[in-house]
Amino acid sequence: MSAAANISAVEVNGASKIFNSGTANQVDALLDVNLTIAPGEFVSLIGPSGCGKSTLLRLIANLLEPTQGEISVNGKTSAQARLDQDYGMAFQQAGLFDWRTVSKNIELPLELKGWDKKKRESRAAEMLDLVKLQDFGNMYPWQLSGGMQQRVAIARALAAHPPLLLMDEPFGALDEMTREYMQGELLRICAETSTTVVFVTHSIPEAVYLSNRVVVMSPRPGRILEIISVNLGSKRSELTRAADGFFKSITAVREALRGTHAQHVASTAIRGAEDR
Amino acid sequence: MVFIATITRRIFSRNDNRRWFGDSDGKVYHRSTRIVAVSGDVADGSIDRSCAIGRKWGGKLEIGSFVWPRWLSASILGTFLAFFPVAVGTLRGLTSSPAAAVELMSSYAASWRQTLFKLRFPAAVPFLVPALKLGASGAVVGVVVAEISTGLKGGIGRLIIEYAREATGDPAKVFTAVFGAAALGLTMSGLVALFDSYLMRNRPKETST
Ligand SMILES: Nc1ncnc2c1ncn2[C@@H]1O[C@H](COP(=O)(O)OP(=O)(O)OP(=O)(O)O)[C@@H](O)[C@H]1O
Ligand SMILES: [Mg+2]
Chain W
981 MSAAANISAV EVNGASKIFN SGTANQVDAL LDVNLTIAPG EFVSLIGPSG
1031 CGKSTLLRLI ANLLEPTQGE ISVNGKTSAQ ARLDQDYGMA FQQAGLFDWR
1081 TVSKNIELPL ELKGWDKKKR ESRAAEMLDL VKLQDFGNMY PWQLSGGMQQ
1131 RVAIARALAA HPPLLLMDEP FGALDEMTRE YMQGELLRIC AETSTTVVFV
1181 THSIPEAVYL SNRVVVMSPR PGRILEIISV NLGSKRSELT RAADGFFKSI
1231 TAVREALRGT HAQHVASTAI RGAEDR
Chain A
8 MVFIATITRR IFSRNDNRRW FGDSDGKVYH RSTRIVAVSG DVADGSIDRS
58 CAIGRKWGGK LEIGSFVWPR WLSASILGTF LAFFPVAVGT LRGLTSSPAA
108 AVELMSSYAA SWRQTLFKLR FPAAVPFLVP ALKLGASGAV VGVVVAEIST
158 GLKGGIGRLI IEYAREATGD PAKVFTAVFG AAALGLTMSG LVALFDSYLM
208 RNRPKETST
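The listed protein sequences correspond, in order, to chains W and A. For the first sequence, position 122 matches number 1102 in the numbering used here, and the numbering has no gaps at all. For the second sequence, position 44 matches number 51 in the numbering used here, and the numbering has no gaps at all.
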């Protein structure tokens, strides 16, 4: 391994996040999270709703400050990484700007970085190729289907060639067919651009299909219960979905999650007993 | 705001605030009678110029060397009535950007100015249009009312008074002025609608906001 590869893409050290600390509606969202992600790795976060997956992603993106602990991205503080545009981000809603054409939407991060017009346009064309929307550059987002919009959002997130891509349930609003297609596309794009990805999802098969490692989180306060390595090789195709290893990993993740479920039920039962 | 309101009121109630007015004959009039006298003068069409009160329509406000033009009163009232719907609409629009979009901009480390120009202004446009519609009709109402109060020559407001005066002889006549005002209002909202379809030409035809 080269020296550069020794710098982790993301390093989360003992991060906790408490919202509204000290008030009546205090929420302990994350508790002592430790996670190291190597460059080029694809890592999924999975866990019950409200367990702090989005919060963890926002901490990495420096859209929130951790209450405790430290986060570094590319060997820098997360704040510096945000200023340097070391990551791109995509959410469940494509979040494209209605008043901009598809190309202009993709150019947005480049505009903000002060690139000149020619460079922006050639990069936007390149990104449109990547997400297979060459003919749609001059259309407006609301003229596209949901899956196409989501691809534009991914193109936008990747436009500046950030080394890290943060995605929060990006395919959540898509139907199963489009979803599987998009998963394949995402793997292809990330392999082509050797991007590190942190991916939040609710779907176990999606997490397993995409990831090198699946991070299973507990209900609130969110902690990492288990990190499951998925050994399906780097080249994945539709055949992967029928492979033995695929089902084994799905079972492993499901059991890890069910463990959290059992704990959750047990703890509420105990709490119920104490109340009585 | 209070300042504008005071100015407007002062303009409409003549140029000074003296309660009592004397004329060359040594007679003294109270301010309230002056207004009655003025309306009386108009009603019979002959303005007695030797009389100190109601010498002419509207007073002259002078600020330093600046002489307040008479049309300015009407345009100020028009502006005044148009201002608030537009200001409120714009403010609402500027704060309407979805939280996710604001978050996206900050994930790009966009500056406050960049967020304003690339996100907040364009996102405010759909809110601006109905505000402009209200503002346009408000402005027409304001100007016509101001013209009635100040009797500004050449305006629809003035026509309404003049035609109303002849209402006993020709009751229909006053409606020509009223229809004129209505036509003006429609023209204004038509212009706004054109502007609207220009601004919104590339927006979704059914906005959810
Ligand atoms: N800005 C905030 N202020 C207060 N509490 C918050 C805030 N953001 C998140 N929370 C709380 O933190 C907890 C974790 O939220 P988070 O959005 O990270 O969950 P999640 O794992 O992404 O859930 P989901 O799978 O439903 O998206 C929740 O209980 C939520 O109520
Ligand atoms: Mg979430």
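Among the hints, erroneous ones may be present.
Distance condition first, Cα-Cα at most 25 Å in a straight line; then the derived BS3-like pairs of lysine-lysine [claimed, not checked]:
| no. | chain 1 | residue 1 | chain 2 | residue 2 |
| --- | --- | --- | --- | --- |
| 1 | A | K125 | W | K1093 |
| 2 | A | K140 | W | K1098 |
| 3 | A | K180 | W | K1097 |
| 4 | W | K1098 | W | K1084 |
It is worth saying that the hints were derived from the structure and are not from the lab.
Evaluated hints:
With a C-alpha separation of about 13 Å, the suggested pairing of K125(A) with K1093(W) holds against the 25 Å cut-off. For the suggested pair K140(A) and K1098(W), the alpha carbons sit about 39 Å apart, so the restraint of at most 25 Å is broken. As the CA atoms of K180(A) and K1097(W) are separated by approximately 62 Å, the hinted pair breaks the 25 Å bound. Our distance criterion of 25 Å between C-alpha atoms is met by K1098(W) and K1084(W), whose separation comes to about 12 Å.
Comparing the model with each earlier hint shows violations of hints 2 and 3; every other hint is respected.
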